[in-house]
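Produce the entire structure from the sequences given, and follow the hints as far as they go.
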Amino acid sequence: MAEAVFVSCGGAGAPQGRRREVVVSGKRVKTVDVHAHCAVPAAMALMGRKLETEALLMADTRERLRAMDAQGIDVEALSINPYWYGADREVATELIRIQNETLAEICAAQPDRFVAFASVALQHPDLAAEQLEQGVKRYGLRGAGLGGSVEGRELSDPTFHPFWAKAEALGVLVFIHPQGTTELDRTGRLGGNGLLTNTIGNPLETTIALSHLIFEGTLDRFPGLKICAAHGGGYLPSYAARSNAVQTTFPHRMTGTLKKRPTEYLRQLYFDSIVFTPEALRHLAAEAGPGHIVMGTDYPFPWTQTSVDHILGTPELSDADKVAMLGGTAMGLLGIKG
Amino acid sequence: MEDIAMTTRREFYDTMVFSREGVRHLAAEVGAGQLMVGTDSPYPWTTTAVDVILEAPGVSDADKVAMLGGNAMKLLGLRA
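From first to last, the protein sequence lines stand for chains E and A.
Take 1 as the starting number for the first sequence in the working numbering and just add one per residue.
Take 1 as the starting number for the second sequence in the working numbering and just add one per residue.
Calculated from the structure, these hints are not laboratory results.
A few of these clues could be false.
Stated by the list, open to error - Stretch-level coverage of chain A by chain E, calculated; a stretch enters the list once three of its residues show a Cβ under 8 Å from a Cβ in chain E:
| id | segment |
| --- | --- |
| 1 | 25-33 |
| 2 | 37-47 |
Claimed, not checked - So the derived list for chain A, only partly shown, Cβ under 8 Å to chain E, looks like this:
| id | residue |
| --- | --- |
| 3 | Val17 |
| 4 | Phe18 |
| 5 | Ser19 |
| 6 | Glu21 |
| 7 | Gly22 |
Every residue, glycine too, gets a C-beta built ideally from N, C-alpha and C.
In structure tokens, the structure reads:
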């Protein structure tokens, strides 16, 4: 493994500063961050929503680019966490139009630094399918960003099949980002120290969402679906084999037949690399396959500022694995040119 | 405040993770000295609780002995 840091001027519109260029095996690697947040206030206004932090704004991208350059991130795949799943059809139509048009403008302004996932109103599945198709074909967006559930409905709910069918037909990546286990929030069990609503509530929701997609047969029904789960897939890959064991332990609680063993579906999914330690990344690679991990940062939330070094510094990964995780796999999934 | 990674070194865990890779990961995260074999008997979750420890990759023989019984013997006051 050889990694060097070069310094060059930023691209068009980039701030003055040092741009780290990541090199593996003597070759420059294009790095892609699949987990980067942003916000569109004009769309939020339709729901009366306030901005969580100004760092989500894209009107002035200098600070964001400075952070990307410092860490060695070449491209961010932007997504917006859903807050519109309670909106009626009319509001949802207008909100998503504003949001996807704005995302397209942001990407067009700096096409070498930003691509984006379309927003979709999944509470209206047929509308969401249209919005995804329009987002991809008219606006050049690269996939869709979803929450981990929709107003109490699991992503495996058959009402969402039209959306999954469209995503599969278009061949685009669907990024699933949790919004906590709000049902538990109400009980107070995630109260107290440590922001457990987010710290464990978010990965827990992802664990639940992915488990339903596996056990309800959604991934069998749509085998070509490309899904990327945030935060390394939550807790599912850490305890994957229990999902196989239940098949023999409580077979009478398994309705229907899955085409594969539950853990095999991990190799049908993609996961971001936000698991913080080399040991956790090594384990995720062992369970999902190194070709199923794509780098994420969670920008602008400062959970980690070492996503590139995390991958470079995981000793069990080959150079080819590192190149794939840093950007190669995401470039293929998101249609980013080298 | 104590790092959460250090806190885990004062807690003990059973090895009900069903796979060799799972045992390897658990030992790497919390330390083999904190692990004790478990089966969930009579519920048939696993029949390979001993084997996944014996076959866990990257785990030393001493750590396997500790997980299979050494740690539990100490904690439960069992004689060899």
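Hint-by-hint comparison with the structure:
1. 25-33: holds (count 3)
2. 37-47: Holds: 4 residues of the segment 37-47 of chain A have a Cβ under 8 Å from chain E.
3. Val17: Holds, because the Cβ-Cβ distance from valine 17(A) to chain E comes to roughly 6 Å (cut-off 8 Å).
4. Phe18: holds, 4 Å
5. Ser19: It holds, given that the least Cβ distance between serine 19(A) and chain E is near 4 Å, below 8 Å.
6. Glu21: Check passed: Cβ of glutamate 21(A) comes within 5 Å of chain E, closer than 8 Å.
7. Gly22: Where the cut-off is 8 Å and the nearest Cβ of chain E is about 6 Å from glycine 22(A), the hint holds.
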